[in-house]
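Just so you know, the sequences run in chain order A and B.
Quick note, the first sequence lines up with residues 24 to 690 if you use the working numbering.
Quick note, the second sequence lines up with residues 129 to 489 if you use the working numbering.
Warning: the hint list may mix true and false statements.
[As the list claims (entries may be wrong)] List of simulated lysine-lysine pairs, DSS-like, C-alpha gap at most 30 Å: (1) K389/B / K254/B; (2) K290/B / K298/A; (3) K272/A / K163/B; (4) K389/B / K413/B; (5) K291/A / K272/A; (6) K254/B / K290/B; (7) K363/B / K272/A; (8) K290/B / K272/A; (9) K254/B / K291/A; (10) K448/B / K468/B; (11) K290/B / K389/B; (12) K272/A / K298/A; (13) K163/B / K389/B; (14) K448/B / K413/B; (15) K363/B / K291/A; (16) K468/B / K272/A; (17) K291/A / K290/B; (18) K389/B / K363/B; (19) K272/A / K389/B; (20) K363/B / K254/B; (21) K448/B / K459/B.
Honestly, the hints are just simulated from the structure, not real lab data.
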Amino acid sequence: MTVAVEKPEKTGIAEPPAAPVKETRRISRSMVIGAILVVWLVLFAVLRGKQTLTLAAADLTDLHRWINDLNDSIGANRNSNPLFLYFFNEIRLVIDSLVTFVQELISQPTGDRPVPQIGWLGIVGIAGYVSWAVGNWRVALLAVAGFTFLGLQGLWQESMDTLALTLSAVLVALLFAIPLGVWAGLSDRVNRIITPLLDFMQTMPTFVYLAPLTLFFLIGGASATIATVIYAAPPTIRITAHAIRNVSKTTVEAADSLGATRRQSLLKVLLPMSKRTVVMGVNQTIMAALAMVTIAALIDAPGLGKTVVQALQSLDVGTAFNAGLAIVVMAIVLDRVTTAASTREEAARNSKNRFLAWRRPLLGAGAAIAAVLVYLSHTYLWAAEFPGEGSTGSAIARGADTVTTWAQDNLSGLTNAFRDAITNGLLNPFQTLLTDSPWWLVGAVLIALAVVLGGWRAGITTAVCVGLLVGTGLWSDGMTTLASTLVATVLVMVLGIVFGVWMGRSTLVDRLIRPTLDAAQVMPPFVYLVPFLALFGATRFTAIVAAIVYGAPVAMKIIADGIRAVPETTVEAATSAGCNTWQIITKVQLPMARSALTLATNQGLIYVLSMVVVGGLVGAGALGYDVVAGFSQGQLYGKGLAAGLAIVLLGVMFDRITQAAARRAGA
Amino acid sequence: MTTQTEVPQRRGTPQDSGSTPVISVRGLWKVFGPKAELVPESEELCGLTRRELMDRTGCTAAVRDVHFDVSPGEVFVVMGLSGSGKSTLVRCLTRLIEPTAGEIVFEGEDIREADAARLRDLRRRKFSMVFQHFGLLPHRRVVDNVAFGLEIRGMGRAERVKRAQEVVELVGLEGYENSYPDQLSGGMQQRVGLARALAGDPDVLFFDEPFSALDPLIRRDMQNEVIRLHHEVGKTMVFITHDLSEALKLGDRILIMRDGKMVQCGTGDELVGAPADDYVREFVKDVPRGDVLTLRWIMRPAEDGDELDGPELGPDVVVKEATRAVLAADKPVKVVENGKLLGIVGDDEILAVVAGREGGA
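In isolation and in its complexed conformation, chain B is listed as follows:
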């Protein structure tokens, strides 16, 4: 629960929806099993649940008709429980698993069309991935692990060691360059994995549940590390997790998956404020709403009797931060955006959020 008390930092960071997305996914399917390619084409089979599909065809649909866009510099989180297809999804994006159907456009290029050489080139220069179980090479020292991707590209030894050294420092591992992975703690091993991914200076970083294998305190450290790195290097990130608090903490936008299907895609406060269905509602039930919701979600329209000379706040201020100001003011707070009055928030609205949470807990 402690991790959830932290305020999402970048709620409402500018998402210029006008810019072209880095990754654009349309109608993506991944079906495992015999004659898998027939499933996405058949309207009838698409309608079946996972179980029915298994019984009918012996196929498992891990990813079903998923579509989303990731903007440059965004942290896009895919969240779901185990078996929801999120790990398969992220592997489809780099074709570590071959998708069954759909379109993945990366910087204007359909990745599914790429041949083996082009795909390798993309992996070497454009994407990199951080894995749940690190995937380090036990027979290489930290610095050689970090330099591994550069070595594979064919970079000379002196140059790649220099670059690896920079990245090792960036992730806070200086002094451990010459250790072997098994001499490091789990958190430090994952820093090596992170450094390896950053070393190639990719455009997009994929994280496959990178912190699930770590204990909670280390996990929080690493989450903060990712936030820091995002500020410093500003990479686009696609982040897979099964932990809602992690998703809310890191994600600009969150895609919730269930049984391979998309359930909802939106910002954290959208998920909490307007859950798409009972599944999402159940999911976000225990989230401290005051930490996530902004005033936009709790304001009410100004009515005739309201006094409209109270203090002003923006609509994207998080409830928790506004609480003190609202309760201190003896008049309702006006929610104003670009000089336009959107609504007002009084003690009652604030208390409903806070007390509602306490009642629910």
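Here chain A stands alone, though its shape is the one from the complex:
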């Protein structure tokens, strides 16, 4: 008993001396930040419009022209330069043949056949069978229904193109990622080398992988697949390494003590015990691949993404919605099936063993049925080409158009007012402040803030990023993007804190909201643009709202987890001291979840940045537009690549500052 009484007392004694110290430091830090902002405003009033480094849409700098020349010379020497002849071209060839092979199998006509080797019936059969074999009958049903729906939408071939690219990319990604992950799990040194690299890869918005890759691999399926591999591999590497590392030390030691060799303990202990987690990594890789494959439509990857991009560019909301819905359906099917796969073994273990005896023969029978369906779809046209004209798809598109028209007719007052309020009240002043201040002033403010928030190292990183950003020649566009990103992030954090606290405090709310958030995070970022395009038209604001919706779920989840992690006893102690709910939230839970808050800001910023950039497609302008224009217009290629680099710089800068701040908050 005495021990139990002593403990809380001890922490109680330890707490007070620590708290006041932090209190004074935080006040002084926020005062410094305030001072910096005041100085900025004063100087802005004086120096407005000077040295803003504005660059018109069609103007180029020397850097951009140099990249253009580089691109031309690479194009000219692609088949003579040995580096290309024996390295890049070879890679492209291998990837291209893989993609073409899968495409001919399921999506594109081959040789003298007017249809792919396996028609829709075969695909649906295989999808159902595989889902059942790795998951359960419910996800199998979902897969069959989902794939059939894709056909009914009139998007069968596009969907299969997307699936083909996704599968090829996932295959290649896993081929590298799992061994690499195991290695990083076993070796501390490899892990130390690989972790910052993966951090960097995952910080980057999907977008920016595309431009440099086209330089080496041309536009098309190969580049798209390689970009997808790069983007999709990190989760599996990271999660595999994590899983291997987290295998209970005692179990590994027990295997050692029984005389297991390294190989035996890897094959019999480490891998089986981490299998479930690794499958979760594979799930994330598949979802990332799907997101990337749709975005790769910008560099001419075939599939659903292309339909969405074309429809977005012509502001055809109906078609974009239909194709976006197809992406969502595919995402849901892939996600549910792989999630079921990761939990199957455990579920099977806990259920009665009655059906286990039947499993083998049933699997055999299922395989036979799937084979028959594949044969039918290979042989007969009715089973190869999806029947019907995709009338469901047209109906969906028409319906979406009707809703859009109605919304624009009836809600435009409301939506426009909302849009204008945010745009004029928040976005425009802030953007003016950023773009109309002299570049050195904004740069100095950014560096100063980085030093105050994140310390000297973050300051140095920021200084380097600011310098390079000026070097890209896209300072002004960069500041416009920065303004949108920051405004969206602020709104994401507001939403994140409100809902995160609510979820963190109430299990019920958490259980209600979390599935929606999980589903929202699975969607490729593209899809978010469509409904907001319908509501707000092609403006910056559309991209911002899409970014908020895209970034808020992750912020909410992190904050909710942070709030939940506050020890029960602390909350109890505060309650018994007479705190009301508001006081508990503001004085106990939020301060104690401070590192979760900074982490949420970090993730929110990164998500928002990637979305704001995608928003270039629907009139967000600035860096996103530069990138998109670079893909489509030869003379802007260099500028697009520089814009991609500018996005990377913004991303690195945000990431370093917020991470350093998070470390401080955590310490």
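For this one, chain A is given, so just place chain B on it according to the hints.
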């Protein structure tokens, strides 16, 4: 406290000190930190306390100059509080942790000289270990967990399952062969760990605080189980614990460690009857002395006035068991070994032990 009321069963079991020890440890050191190998060699550094060593060199000495012998069939207990180095010590014995210095001779072979293949072979056939947190494989059924060591040796499936089945029955788990570890209670999981260790028919079993994670009743069951298994299979056991009552209950001999050093090594009644220093004295203070001490410890030399025609008892009879006989006799009891009178025990001596305990409690 309940566990302490049980009488140590094998107090005074024959320890033929003449036979060669199974394990013989000499001058064993384990130092963690930079340039750890220099510490045991330097006389000056050896003299420092743990704290001073940390400040001077950044090294932690987990095990410092430990030596002991374990006889065949003996249950040898290493006892100490957390941080005393006992878990490190037992891992050094099988080189799960590489010792820094010293000698570990197992059946005449210096284990520190063994190469990786030989060491693996020793682990597969000669030792096995039971862990505090079980270390079971969650994706395997009980019988496959038990057979794991055999599988690693390369034994065929049919044979190893048969052997595993025998051991499963030996530890009282029949009926649970096809369960998964997470479907079992902690005590049953540790039975699986025990079965896994026994399956390979090793010469020596190492137990690293195997019952610390279990609740008290289960713990007592498992202690009795170990005693039963020791009777049945007669393995040499090295048992790590932080629980004195467990040590007294199971151990033929007990080694007490503190800060990586040996404090005392002896039988339970030696620790209680003649503690080496204040640390041990503090440790054994609450032990019911009557349960542990034998008449040898409380007898007094026969004096002239004593009546020497009372009943006779052996010197290794535990006080508690002798109490009734001594108090019932109207004359002092003679303590006799091999026909030789060692001393006598009267009511006063008995009561001093019993009352002393009550006074202290």
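Check each numbered hint against the structure and report the violated ones by number, ascending. 11 and 16
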